[in-house]
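Chains as they are written, first to last, in the working numbering: chain A, 1 to 114; chain B, 115 to 226.
Treat the hints with caution; some may be incorrect.
Simulated coverage check for chain A against chain B, where a stretch passes if three residues somewhere in it have a Cβ under 8 Å from a Cβ of chain B [claimed, not checked]:
hint	region
1	7-13
2	45-58
Capping the alpha-carbon separation at 20 Å, the derived lysine to aspartate or glutamate pairs in EDC-like fashion look like this [said to hold, decoys possible]:
hint	chain 1	residue 1	chain 2	residue 2
3	A	Lys101	B	Glu166
4	B	Lys171	A	Asp100
5	A	Lys101	A	Asp26
6	A	Lys55	A	Asp31
7	B	Lys127	B	Glu196
8	A	Lys101	A	Asp31
9	A	Lys55	A	Glu15
10	A	Lys70	A	Asp26
11	A	Lys55	B	Glu214
12	A	Lys101	B	Glu214
13	A	Lys70	A	Asp31
14	A	Lys78	A	Glu15
For the record, the hints were derived by calculation from the structure and aren't laboratory data.
Every residue gets a Cβ at the ideal spot worked out from N, C-alpha and C, and that includes glycine.
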Amino acid sequence: AQTVTQSQPEMSVQEAETVTLSCTYDTSESDYYLFWYKQPPSRQMILVIRQEAYKQQNATENRFSVNFQKAAKSFSLKISDSQLGDAAMYFCAYLMNRDDKIIFGKGTRLHILP
Amino acid sequence: KAGVTQTPRYLIKTRGQQVTLSCSPISGHRSVSWYQQTPGQGLQFLFEYFSETQRNKGNFPGRFSGRQFSNSRSEMNVSTLELGDSALYLCASSLALTYEQYFGPGTRLTVT
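Model the full structure from these sequences, guided by the hints.
Below, the structure written as structure tokens:
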């Protein structure tokens, strides 16, 4: 069965610094999608970044980028120039294209220190 | 564009009762997914509807069911409520699961 593991339940980073959230997943499929979602306190979950497994190039969205290592089944999220508004719970998610069942990791709560 | 709306936002029920939650997706989105979020289990996929058909289902008992109407609005029903069903139920809509999902604010269900 596919699993998604986020090994860091909580992390803290100083404002303006860079932080990396880790995510590993287990799958025997070759075609799938990976996502990072952000859930700010008492606010709606929003997509941060999306990666298609067949694309070797790492996805980036402004200050957010991923390090996608398909062979290692690793999908880490790097946040550069951290801002107070980045404080949230971050979820890594895996979608197996063929099965279309989304699996989320347990999440990493990120604190931004002013 | 209006976002995903969920009603009600808060609900308190007693064990054994049933509950129906509603989700209105973003206009044009035909995929609606439901998730259960709890502190212990995290975010778990319940099911996904696309054009009124349930395409995928997570590992939940048959007490959890849903449906989607022709206007893409979706309802989720939980029968014979148990204490463990207390959770935040999130709905998300998208053009398809492989694309960005837009989440609603959730319905906080408390079972006493």
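Sort out which numbered hints this structure fails and list those numbers smallest first. 1 and 9
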